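**Student:** Could you build the full structure based on these sequences and the hints that come with them?
Residues -7 to 303, numbered by the numbering used here, are exactly what the sequence shown covers, in order.
Hints are computed from structural coordinates only; laboratory data are not their basis.
Hints should not be assumed to be uniformly reliable.
Taking lysine-lysine and the DSS-like style, the derived pairs with C-alpha atoms no more than 27 Å apart in a straight line are [unchecked claim]: (1) K216 x K251; (2) K27 x K49; (3) K251 x K225; (4) K82 x K100; (5) K29 x K82; (6) K154 x K233; (7) K29 x K49; (8) K216 x K233; (9) K100 x K187; (10) K49 x K82; (11) K154 x K100; (12) K27 x K120; (13) K251 x K233; (14) K100 x K49; (15) K120 x K100; (16) K187 x K233; (17) K82 x K27; (18) K154 x K120; (19) K100 x K29; (20) K187 x K154; (21) K120 x K29; (22) K49 x K120; (23) K120 x K82; (24) K216 x K187; (25) K154 x K225; (26) K251 x K187; (27) K187 x K225; (28) K100 x K27.
It should be emphasised that the depicted structure is a prediction, and the values quoted were computed from it without experimental measurement.
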Amino acid sequence: MGDLLDEITKGVSELLYDDDPKGIERAHPYSNLEKAKVLQDARIFHDDHLVREDPQKCCVVLAQLLALMQNTNQALQGEEATEIFFGVTKLFVSSDLYLRRMTYLFIKEIYERCDSSDVIIVTSCLTKDMTCDVDLYRANALRVLARIIDAAMLGAIERYVKQAIVDSSGMVSSAALVSALHLFDSAPENATIVKRWISETQEATTSPNEMVQFHAIQLLYQIKSQDRLAISKLVQQFSQKNTLRSPLAVTCLVRYTAKLLQDEISTGRHSGSISDGTPIMRGGYTFLVSCLRHRADMVIFEAARAICNLP
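**Tutor:** Okay, structure coming up:
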């Protein structure tokens, strides 16, 4: 397989750069970066005037730093990473949208290379963005905070995250739900806090935004995943009320239903025909059959697969 991939890569390169042997190098503008020069250029971060007047240059430097971080021979480590991190925290003085998004991305990439005590410094800027009026800032700040905070800090901003989950903006609500999913998996202490957001998550499942419903049903299942009775109630609630408009959310519900039915059979709670089974078996199978008539192809395929895989 490796030889085949190498052969395909070589063939594509020859097709693209047959008349230009140096084209490959020009196709990767950051392939020959000099670490010392990039670090020198990064000093622009400490000049508030230049940051405000030339955010495009700051974006280019951030892109070069990200490229360096992907190169193991020139990766930023130790004092270099810390110094760059402190410089990046000063980019919040600019209101340029593109620079702010690059700043969020860079913080997520570099925080693991810095000391945890240094990372705390940027949380005040992120918390400020999380409570501002710009949806783009709020959503991205939530995503970054979910990567860098611990349980103690999560408790301090819990109120803001809960508000974001039920926010009228689909972008903000989805970002909060996805952040909650990452936090739930990151540490048991964080999972304990996220479990307290079940009422807000339940409310988010009624959102008119389909992506919000998709993320909300996943978080709701994750919170209840260790409680069989709660999972069965979750499946019954959404399969009977038919309130999910998102095909992705319904597809998730089909998978949860299929897993619940398989668990019923594997644990010996049901034997024989489904028509003679428990209410959970009958209701779940009826829901799977009804999904075969759904308007979305993905739901139909998933329901058909689930039915075929039943023991």
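**Student:** Decide, hint by hint, whether the structure agrees.
**Tutor:** Going through the hints against the structure:
Between K216 and K251 the CA atoms are separated by roughly 14 Å; this keeps the pair inside 27 Å, and the hint holds. Straight-line distance between C-alpha atoms of K27 and K49 comes to about 17 Å, which keeps the hinted pair within the 27 Å bound. Distance restraint check for K251 and K225: the Cα-Cα separation of roughly 14 Å lies within the 27 Å cut-off, and the hinted pair is therefore satisfied. Simply put, K82 and K100 have alpha-carbon atoms about 16 Å apart, close enough for the 27 Å limit, and the pair holds.
Straight-line distance between C-alpha atoms of K29 and K82 comes to about 20 Å, which keeps the hinted pair within the 27 Å bound. Distance restraint check for K154 and K233: the Cα-Cα separation of roughly 25 Å lies within the 27 Å cut-off, and the hinted pair is therefore satisfied. Using a Cα cut-off of 27 Å, the hinted pair K29 and K49 holds, with the two alpha carbons roughly 14 Å apart. This hinted pair checks out: K216 and K233 have alpha carbons roughly 19 Å apart, not beyond 27 Å.
Taken as a hint, the K100 and K187 pair is honoured in the structure, with Cα atoms around 25 Å apart against an allowance of 27 Å. Pair hint K49 plus K82 holds up; C-alpha atoms about 15 Å apart against a cutoff of 27 Å. For the proposed pair K154 and K100, the alpha carbon gap of about 22 Å is at most 27 Å, so the pair holds. Distance hint between K27 and K120 is unfulfilled; the C-alpha atoms sit about 33 Å from each other, more than 27 Å.
As the CA atoms of K251 and K233 are separated by approximately 20 Å, the hinted pair is consistent with the 27 Å bound. Of the supplied pair hints, the one linking K100 and K49 holds, its CA atoms being roughly 20 Å apart against a limit of 27 Å. Between K120 and K100 the alpha-carbon distance is near 17 Å, which keeps this suggested pair within the 27 Å criterion. For the suggested pair K187 and K233, the alpha carbons sit about 24 Å apart, so the restraint of at most 27 Å is met.
For a cut-off of 27 Å, the pair hint linking K82 to K27 stands: about 21 Å separates their Cα positions. Simply put, K154 and K120 have alpha-carbon atoms about 16 Å apart, close enough for the 27 Å limit, and the pair holds. Only pairs whose Cα atoms come within 27 Å are accepted, and K100 paired with K29 is accepted, the gap being roughly 23 Å. For the proposed pair K187 and K154, the alpha carbon gap of about 11 Å is at most 27 Å, so the pair holds.
Taken as a hint, the K120 and K29 pair is broken in the structure, with Cα atoms around 33 Å apart against an allowance of 27 Å. As the CA atoms of K49 and K120 are separated by approximately 25 Å, the hinted pair is consistent with the 27 Å bound. A hinted pair counts as satisfied when its Cα atoms are at most 27 Å apart, and K120 with K82 qualifies at roughly 14 Å. Between K216 and K187, the direct Cα distance comes to roughly 8 Å. Compliance with the 27 Å bound is thereby established for this hinted pair.
The straight-line distance between the Cα atoms of K154 and K225 is roughly 23 Å, inside the 27 Å bound, and the hint therefore holds. Distance restraint check for K251 and K187: the Cα-Cα separation of roughly 22 Å lies within the 27 Å cut-off, and the hinted pair is therefore satisfied. Simply put, K187 and K225 have alpha-carbon atoms about 17 Å apart, close enough for the 27 Å limit, and the pair holds. In summary, the hint linking K100 to K27 is supported, as the alpha carbons are separated by about 20 Å, within the 27 Å threshold.
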